[in-house]
Structures are given as C-alpha cells and as structure tokens.
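2 protein chains.
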Amino acid sequence: MKQYNFNAGPSILPAEVIRKTAEAVLDFEGHGLSVLEISHRAKYFQPVMDEAEQLMKELLGVPEGYRVLFLGGGASLQFCMVPYNLMEKKSAYLNTGVWAKKALKEAKGFGEAVEVATSADANYTFIPTDYEVPQDADYFHITTNNTIYGTELSDAKLADIYKKKGNVTLVADMSSDILSRPVDVSQYGIIYGGAQKNLAPAGVAFVIVREDILGKVSRHIPTMLDYRTHIEGGSMFNTPPVLPVYTAMLTLRWLKEFGGVAAIEKRNIEKAGLLYNCIDHSRLFVGTAREEDRSRMNVCFVLKPEYQELQDDFFKFASERGMVGIKGHRSVGGFRASIYNAMDVEGVKALVDCIHDYEKKI
Amino acid sequence: MKQYNFNAGPSILPAEVIRKTAEAVLDFEGHGLSVLEISHRAKYFQPVMDEAEQLMKELLGVPEGYRVLFLGGGASLQFCMVPYNLMEKKSAYLNTGVWAKKALKEAKGFGEAVEVATSADANYTFIPTDYEVPQDADYFHITTNNTIYGTELSDAKLADIYKKKGNVTLVADMSSDILSRPVDVSQYGIIYGGAQKNLAPAGVAFVIVREDILGKVSRHIPTMLDYRTHIEGGSMFNTPPVLPVYTAMLTLRWLKEFGGVAAIEKRNIEKAGLLYNCIDHSRLFVGTAREEDRSRMNVCFVLKPEYQELQDDFFKFASERGMVGIKGHRSVGGFRASIYNAMDVEGVKALVDCIHDYEKKI
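The listed protein sequences correspond, in order, to chains D and L. In this text, residue positions in the first sequence follow the working numbering: the first is 1, and each later residue adds one. In this text, residue positions in the second sequence follow the working numbering: the first is 1001, and each later residue adds one.
Please keep in mind that the hints were generated in silico from the structure rather than gathered at the bench. Any given hint might turn out to be false.
[Claimed, not checked] To give an idea of the interface, some chain L residues facing chain D are shown, with a C-beta separation under 8 Å as derived from the structure:
| hint | residue |
| --- | --- |
| 1 | N1007 |
| 2 | A1202 |
| 3 | A1350 |
Idealized CB from N, CA, C, for every residue including glycine.
The shape of chain D in the complex, shown without the other chains:
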C-alpha cells in the first residue's frame, strides 16, 4: 500500500532525492566508494558542499555579505550559539511555542532575555502582535513556523516585525518553513534551522549569517560554537555530516528544477488550502490554530467535542489507508498533517479523501 508521509520531522523528502541518496550509498557518483566512507577532504566532496551553499543562496536570494553554513548538532545547538555570538547583555524573544521557549531559555544563561509577548496561555494557537521590540536588545528572535501548534508568521506579520525591529538584529528559527516560501533575507542577521523538514535527513543544521554582526561580544566563545570558525572553515572546520549535506544538495537541486521557492510556495498554498478547506467544512473536525496564523506546513486539527471518542478510530482508519505520522503532538492532541515541500498535491488529496470517507462512514 502506498504510504503518505505526514511526519512532522524528520519528514518526507522527494522520492528522487531518496533514490539518488540510496545510489550514492552504494557508489558515490561513480567513484566506486560509498558516500558513507568518502573523505570530506576528497576532491569530490568539496563540490557538494559548494553547490549546497550556492543553491541555498540562489534559491533564497541571499544577498552579499551573508554566509551559508551546514553544521552538526541540530537547531537546538543554535539556541545557545545565537546568544554566544550575538548577546552582550540583552536579547528579546517572541515566544510562540515550545521551541521558541527553549531558545529563550538558553538565552537566559547569557544575560537578560526578554519575552516580548507570548500566546502560551492560549496554548500557542496564535501569533501575538501587541508588543514592542526593546531597542537596546542585541537581537530579536522569532520562530517563523511553530511545528507543534500549526501556526506560522504570515507575510503580513513578518512585514510588521520588520518594522517593529527598528535597528535591532533579527534572528529567526526557520526549521520548519525554510524554502517553503520566499523570504527577505536582508531583514535578518541570522536565519537558522534543523534541516530535517524541507531540506535533508536529520543530522545537519543550516545557518545563514550576516558576517558583519559577528565578533562584537566580549565573552570567550568555544571554537566550535563560534560562527566565525565555521565561516573560515567553509563548514568543514571539523568533519561535516557528509551524507546529510549530500542529500541537502540533492533536495536543493530538486527544488531548483521544480521552479524554485516561488513555485513551491504556490503549490504549498494550494495544498494547505485543500486541507484547511476540508477541515473547515468538516462535520467531525475543527482546526486548532487561529485562521490568520495558520501554518502552510503543519495542519493541526482535532475532533469536535461531541466526537472526541472517535480519536483512536479515525487514527486507525487513516493508518489503514496509508496515512503516516498524523498523530498530533501530545501538547495539542488530535491530529497533525505536515505537508512539507516534498508532499505533492495528490498526497494531500488522499488525506482529504480519507477524511471525507471517514465522515461518510460515521
């Protein structure tokens, strides 16, 4: 039976990227060795790192003065690397979910970290707008998509943040919506994220960093936590996660062939529209996120109060139709369908059909 992968991350990758990665595990580009056992210093790996960096720049329109890095350790390590590198005394955070909160917690280890606003009391179902960014903060940190709660900073809210930030450096965790829509990189000091949603298998994080914001804090920075180390080393100061970087390059090639970020955004809008429309017209289900803050990547929905007892039954029904990874995060409950770049319209339609068929059955 065909499986539809709605995992929140690690998550679906394009079928062609998976096939090419499997080929490279057996024989890396005809060199007779596996991608698992090639030296990162071999002359044939440098082009992989270079191309991955170049395609990130090209697809996201990264301006001059920025560097793209691929690092181990995941986005969680970035939570402390950001304050390590940027925070002299004070930082500001918009707390829109558990991951944003974790990022904020790390900053508190380095000085005064201000939570400018939060929707925690409403279980993070919306993105707050009623706040100001303290102009003496060393940076202002946002999380553009909140995987667990299915909320996302819309283009309008981002535009508002670009105004609100004033002269403060903007830092964004874009783990779960990078490359899903165009982004004005020039507004940011740092954009980072785990790559295991729209880019690669687990084991690599991406960092887009404006070079001129670095080197301004007075603290000692351990070598591996200093972005300058990795800029200087071209993401190869130490052994990089070779296979995840290779797969990232393949995904970026796939996205370029697809037509780039604007083209994939169009499809993402279509996909999210199909699924939210289905839920909004559902007799059984209801969405959890405030409409204007709905994520195009993670669609969260629950059974209406009067149908709560169907929870396990629908999960079983959907699983039997090949729907994988649709259980909601325990802090929201219900269901979550993650429909990242690699999920096609047909996959979303299969889930919509599954919901419709279940409604007919009940």
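Given chain D, put chain L in place with the hints provided.
Below, chain L without anything else, positioned relative to chain D:
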C-alpha cells in the same frame, strides 16, 4: 577495478553495512518509508537507538554506572563539552598530536589547562612518558590514537597512565581506535569520539560517561552542552542524526558477529604486522612513528631521503592499483594507510603487494 579504501576518516565501513544502509534508505526495515524520512519518535526507531547503546555496552564491556550517548556535532564539540561539564578550575592534557592540542586549547577557555607533556618538537612521532598527573586537576585528558601521526597509546602505556592518574578522572578521545581493541572502561570518566572511523558515517559522536562525575561544576551549562540533558533524553533530547545512528547499529551488529572486540583486535594486529613488516624491510620506504608507539589503525610511512623524488610516482602507481586515500597528512607528508576494523587482511595484502611491485619496478 576494486578500490581499497585507506581513508583516514570518514573511512571504510563493512560492505554488508553499506548494503544494508542503502536498503534502509529505500525502505526502512519493510515499513515502506526511507530511513531518511522516518520520525525519530516513531516506534520503530527507538529500538535502533536502544540496540546501538546496548551493543556498545556489550562489545566494550561497559560497567554499571556508565551511559552511552550518540550525539551530533562531532568530537570537536566534545573538546568544549568535556571542560564545560568537568572542569571547575584545572585540567591536565597529554599533547600527542594536533587533535590533542585542539582539545587542550578549548580547555584553556575554562581555566588552567596544563599540558603535562608533549612530543610536538619531534612532530608527534612518539608518546611521552616522562610526566606526572597533577593530583589537583579535575580530569586528565588523553588521545589514545593519533590519526595524523600514526601513533597509539599501547596497552603498556595505557597501564602506566592508569597508575599515573591516581585519583584524577581520566578522559579519552578514542575517535580513531574505539572498538579496535579491548579497553578497561572502568578506568575512565569519559570516553568519546567521532564515529566516522570504526563505527559510522560522519555526523555522529559517541560518548561513554560515568554518571557520578557529572553535576559537580558550578558554572551554567547550556542545555545542549550538558551531558545530563542527553542522558535524560536517551540521546533523543533533540532530533538525533537518524541515519548515522542506524548505520552505527549495523556496524556494531557486524562486529558482534565477527566475534567482538577481542577477535577484531587479533585481525588488527595481523594487518598492522603485515604492513609494518613490509615497510621495515622496504628499500624505499620508512615508517615515521617510533616503533613502540605505532598505531594499528593508521600506518604512516615516507620515502627514504634518497628516494624523495618518487613521491608523486608512487602515489600514481598505487592509485592506479585501486589504493584510495593513502596520501599522508600535510603535517607528516608521505603516505598513510588507515586500516580500520572494516579493512580486511586481503586489502592490506593488496597494499603490501603494491609496495613490493613498486620496489621491483624501481
């Protein structure tokens, strides 16, 4: 033509491990999804992490009170994690190579880090023994195998260190000889390393840590750099490098089937014996490491002074016979054959034959 992979790392993995990893990239254990896109929270990944941890414990005879972790970020991140977690004021390092020196450098960011001895003046060709371990140090750090220079702490020198350390916690970077020979884990507070030599593809580090040495420093430790975070999270506090961990598990299964660490040590002794014997009787080549400190994992050799001009010629000759990755590190020059666990006797014999044939030709 068959290729013989003598890369220093990332390096050769057992053929069967590579084949099974490729299968899992296409279909993870019959679940219909790629190992690249499965959730680390899925019920079928937890057994992978558990088995990898269990096999490390079993194969290395890890005693009670220790935990095995698989983390992102590489051994280089451990260089700062060790002092972060263990160093209150003072630490001691045996400097036996560039990597040991890098580890020492990181510790200097946290307080007084003493270099007890070094062979830097002799380009790290031997392991010093004439030193004492300061008994007020929070830990004493060694590097058991020095990949670049082809030196290794012999069992005799390790026994001497176990005496010398007194009551000081012993910490070892075993990146390039872990699982190549039995080790008395009970002598160590922490054993760590990058997994990309004897264990896995690049992208994961292993840490074996005695729990009771943690939580004794007064400094704030960022969450991701605190070993206790990863102990509590069972190496899944954040998304682990799924594929590298899976491949590590396969390699550990392979090693167990091979007969375990004692059996592989026997083969490693045979392999190293074959190659060193060839070099010691060579008309053209000479080994660079002091005999008693020779590594069984990395065999470094150079052309004798009178044959220096043959450098490129031999490299070309060997490459044409399928020898991959035998160029020595730039700081030693000449040649280096890394003969990790996965390299079989036939591969070493092929290199020996290659050297013999070249000598006949010259």
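Violated hints, by number in ascending order, as checked against the structure: Of the numbered hints, just 3 does not hold.
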